[in-house]
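Asker: Protein chains in written order, with numbering that gives the first Met the number 0: chain R, 0 to 283; chain F, 0 to 657.
Careful, some of the hints might be misleading.
To be verified - For each label pair, taking beta carbons as the anchor points, the in silico distance ranges come out as:
1. 239(R) to 271(F): 25 to 35 Å
2. 472(F) to 169(R): 44 to 54 Å
3. 152(R) to 655(F): 19 to 29 Å
4. 271(F) to 230(R): 51 to 61 Å
5. 162(R) to 587(F): 53 to 63 Å
6. 529(F) to 88(R): 47 to 57 Å
7. 87(R) to 436(F): 36 to 46 Å
8. 95(F) to 91(R): 20 to 30 Å
9. 580(F) to 87(R): 24 to 34 Å
10. 239(R) to 587(F): 51 to 61 Å
11. 243(R) to 655(F): 46 to 56 Å
12. 113(F) to 144(R): 58 to 68 Å
It is worth saying that the hints were derived from the structure and are not from the lab. We treat Cβ as the ideally placed atom computed from N, Cα and C, and that holds for glycine.
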Amino acid sequence: MKFFKAFTSGAIRALRSIKAILLFWLMTFAVLAVFTYPLKSFINEAMGNSMITNLLDEGFNLTLFTDLGQAFSPMMSYITSGFLILLLLYFFLYNFLNGGLFDSLKTNKLSYKPGDFFRSSARLFLSYLVVMVLVILMILLAMVLVVGVPVLIQRAGGSVTEEQTWKLVSVLRIVALLVLPVFLLVADYSRTWLAANDYRKVFKSIGYGFKATFKTFLSSYFFMLIMIIVQGLFVMLVAKVLASYTPESGGGLFLLFLLSQFLFIVKLFLRAVRYGGVTALYRL
Amino acid sequence: MRKFLISFLLLALTVALSAQVIFYKPLSERLTGYTMDVELDPEAKTVTGSMEAYWINNSQSPVPDIQMHMYLNAFRSNKSTFYRESNGSPGSSEIDYGWVEINNIIDRSGKDLNGFLEYISPDDGNPDDMTVLRLNLPEPVAPGDTAFFYIDFTSKLPGSIRRTGFTDDFFFVAQWFPKFGVYETKGMNGAEEDGWNCHQFHAHSEFYSNHSVYKVRIKVPEEFVVGSGGQLIKQEINDQGIKVLDYRAEDIVDFAWTAWPGYSEHEGQWEHVNIRFLYPPGRDDQVDRHMAAVKYALEYFTERVGPFPWPHLTFVDPPMKGSGAGGMEYTTLFTTAGAARLPEYLHMSEMVTVHEFGHAYFMGMLATNEFEDPWMDEGMNSYWESRIMDHYYGPGKGIIEHEHFYMSDREMQRTGYVHASNRKVSDNSPWSWDYPHGSYSMLSYQKAATWLHTLQGIIGEETIDSVFKTYYNEWAFRHPSPDDFIEITNKVVTQMHGDRFGEDMQWFFDQTLYGTGICDYKLAGISNYKQRSFRGIEKTDTAGMVLKKDDTAGDSIYKSVVRLERIGEVRLPVQLLVHFRSGKEVREEWDGKARYKDFEYTGTDRVEWAVIDPEYRITMDVNYINNSMTTKPDKVRRKRPVRKLVTFIQFFTHIISI
Ligand SMILES: [Zn+2]
């Protein structure tokens, strides 16, 4: 029963936190807009009035990309370093906004105030950062094992065949997927605890994260696994839709923009259902 | 009765022997030949055996010495020229080293020649290199005579495979036996006088030999699967559990073989060619792809260059542990580089298959000197490889043909050259080890392939195909030099086009093969000026100075100017496509010699956009972005990728920040 409750309560909490979700989106969108402008002007400068972009009609022509790189290497380094900066910026931003989102999901009221959202974001920022970094490190470690073990075995040569290595890789991949919910549950329970209790006790919260995960293991685990699969499928769908839609007019371009932002809000909503579900499980 | 039986047996034997012959009419001069009987010792990692070899002196004068390749000695120490050039090391344990030793050598009369051997280093004088052996004959070989040698030798394979060697029970046995150099007569391949052309084993080059007949008996423990460049004549397993395989190969420049118990086998047929493919278990999903690729190559080369004469072809995808043997060429045996579960849209491994097969033409049949003219080997072959890949896997998509991104093989070659920082460091004339600053691969593969594509762009596909057909017809199974290829190009181009490209094509080769300059044409500007009717002061008899305006002539007449510039040193004829607002298009030709050229148009129409080399035929042009210009940039096209990129970042970062 707990298992179903997690979904329904998670969805209801997410719906009640719609204001927080929209605030979340608005903030990420602002950062995006700031980044887009210089990128556009760089590309304009690099291309001049060249018609080389015609080569992009059929897809992403790697040749064009390399020609751009050669003639305008500052732009390439801008894109790569800009990308890194943006990555970090987003990382901190999302972490910041998660605080407000968890608080809103905990409060579970439509009347939740933007002021509270930002106050909680600020209050929880540091603790959430520690939780996020630690859990990501755990996930990375697991991934290194998944990739590294077969490589090491292959490197050692000897009697292991390529076939066996590939089988091992498939097994490890499934293991990784099966273990991933545990890490995410730890992260979510810790953050739920922090939102509800003393926000400074980070390590206590992580301890609680593990405890809560294993206390309600079955319902928590399957809830999270299903959420991961649903979100994964959704992202694949988004990738397919956005990659295959090539607008030919300014209007179409605007539509692409609206569509991508709408899909991103849906993505945020799904994430909120996950956080909300864990919040509900925490309360049960 | 008994006598009758013997003569009957002899007759039967003769018939059986002649049935083994592959070509009734030899394809080459066959100045050298080898009959070998060797055995692999998988524990000691050695191949030991005997060899009967001959060399014909087809020069006009007596020859006092014989020079031979002893190429496995490149792995004998870290001081060999091969290791000095590649900054590598042959390994640290005794088993890692490789070497070849002549245990005994006698001539036809049984005379012991062991005391007449000495190692020489004709290329670099390296006293530690033992890859060229000179036999100072007690008596010179007279013109027209054949010298026979009976040699017992042992080849120890190196443990870290670089083109040749072993890992565990995987063996790739190449450059493994004492082999004659090429005795060049004056004028042949640019030789200034008669003499041996016998280079040491180098980091980047190893092929130059006479076309020969090889009769090779190979003995391996029965569990081994063997592949070689020969046709399998007979196979049996003897009482000691040894598999005995008899191979025969004709008119090939080198004989290599491989043995590994783990090989899976696949056989296929293309017209007269029986194709045998050896690959490691777990890569069954890749077999059809490799087979298709090799058949494409056979078809394309046959149509455009000339026939593949041999009825047999073996190719190998080495296992991961033997990947050092991947991507090598021995005419009727070659190795590719595959991987299990390679996605369908990536054609890298088919590319290797096509490339290594292609060496059967460039270096195998058209037996150029890889040491001295690497571009005729790797460059020409890369050119044809890219044509084949782009032809069969979709124009512009020969290497990657993903739904959303793609890359052609031709563009990959071009990119390798035009974006290299050392692209001007040398022309294509140095010998393989003289390319400075690590430019060997970039210049001899990619630049050469790129200027061959440019040549095709200028003279046309039909003409360049005709050039290569003539090159094949005149030089297959001989040793062509760069001058021979240039001469044929000049001949064919003038035959087909008269003096359209000048007296001959020397100007092209001077700038590409023998030039270091870059090619870059730029569309510098487009202007549309409104032509106004006369306005000004005129002196009249009656009223003095008056303002005169001529309103009759059209204010809607424009003078349009398209400005072209040559930024690079290379001068090539280019085409210009000019598009007007009305939709009218004009094609212009420019010889590309001056530093700039303006095209002017007057009329009611205005120029909307213009492109230099609209089909991107001049692949040497180092920057395509400045080739075109429009007065109406398409904003949507430009914004679309930016939008998609930022959306990707938005989603991606959200996914990873749990
Ligand atoms: Zn090659």
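Asker: Check the following: the C-beta atoms of residue 239(R) and residue 587(F) are separated by a distance inside 51 to 61 Å.
Answerer: Since residue 239(R) and residue 587(F) have Cβ atoms about 44 Å apart, the given range 51 to 61 Å is violated.
Asker: Range hint 51 to 61 Å: satisfied by the CB atoms of residue 271(F) and residue 230(R)?
Answerer: holds (57 Å)
Asker: Between residue 162(R) and residue 587(F), is the Cβ distance one that fits in 53 to 63 Å?
Answerer: holds (60 Å)
Asker: Given the hint of 19 to 29 Å, check if residue 152(R) and residue 655(F) actually sit that far apart at their C-beta atoms.
Answerer: holds (28 Å)
Asker: Note whether the CB distance of residue 113(F) and residue 144(R) lies within 58 to 68 Å or breaks it.
Answerer: The hinted range 58 to 68 Å holds for residue 113(F) and residue 144(R), with Cβ atoms some 59 Å apart.
Asker: Take the C-beta atom of residue 243(R) and the C-beta atom of residue 655(F), compute their distance, and say whether it sits inside 46 to 56 Å.
Answerer: About 24 Å separates the Cβ atoms of residue 243(R) and residue 655(F), which means 46 to 56 Å is violated.
Asker: Return holds or violated for the Cβ distance of residue 87(R) and residue 436(F) against the range 36 to 46 Å.
Answerer: Since residue 87(R) and residue 436(F) have Cβ atoms about 37 Å apart, the given range 36 to 46 Å holds.
Asker: Mind checking the hinted window 25 to 35 Å against the Cβ distance between residue 239(R) and residue 271(F)?
Answerer: Distance hint for residue 239(R), residue 271(F) is violated at roughly 47 Å.
Asker: For the range 47 to 57 Å, tell me whether the beta carbons of residue 529(F) and residue 88(R) fit it or not.
Answerer: For residue 529(F) and residue 88(R) the Cβ distance comes to about 50 Å; the hint holds.
Asker: Cβ-Cβ distance between residue 472(F) and residue 169(R): within 44 to 54 Å?
Answerer: holds (53 Å)
Asker: Tell me if the beta carbons of residue 580(F) and residue 87(R) are separated by a distance inside 24 to 34 Å.
Answerer: violated (48 Å)
Asker: Quick one: are residue 95(F) and residue 91(R) within 20 to 30 Å, going by C-beta?
Answerer: violated (51 Å)
In terms of the numbered hints stated before, the structure departs from hints 1, 8, 9, 10, 11, listed from lowest to highest.
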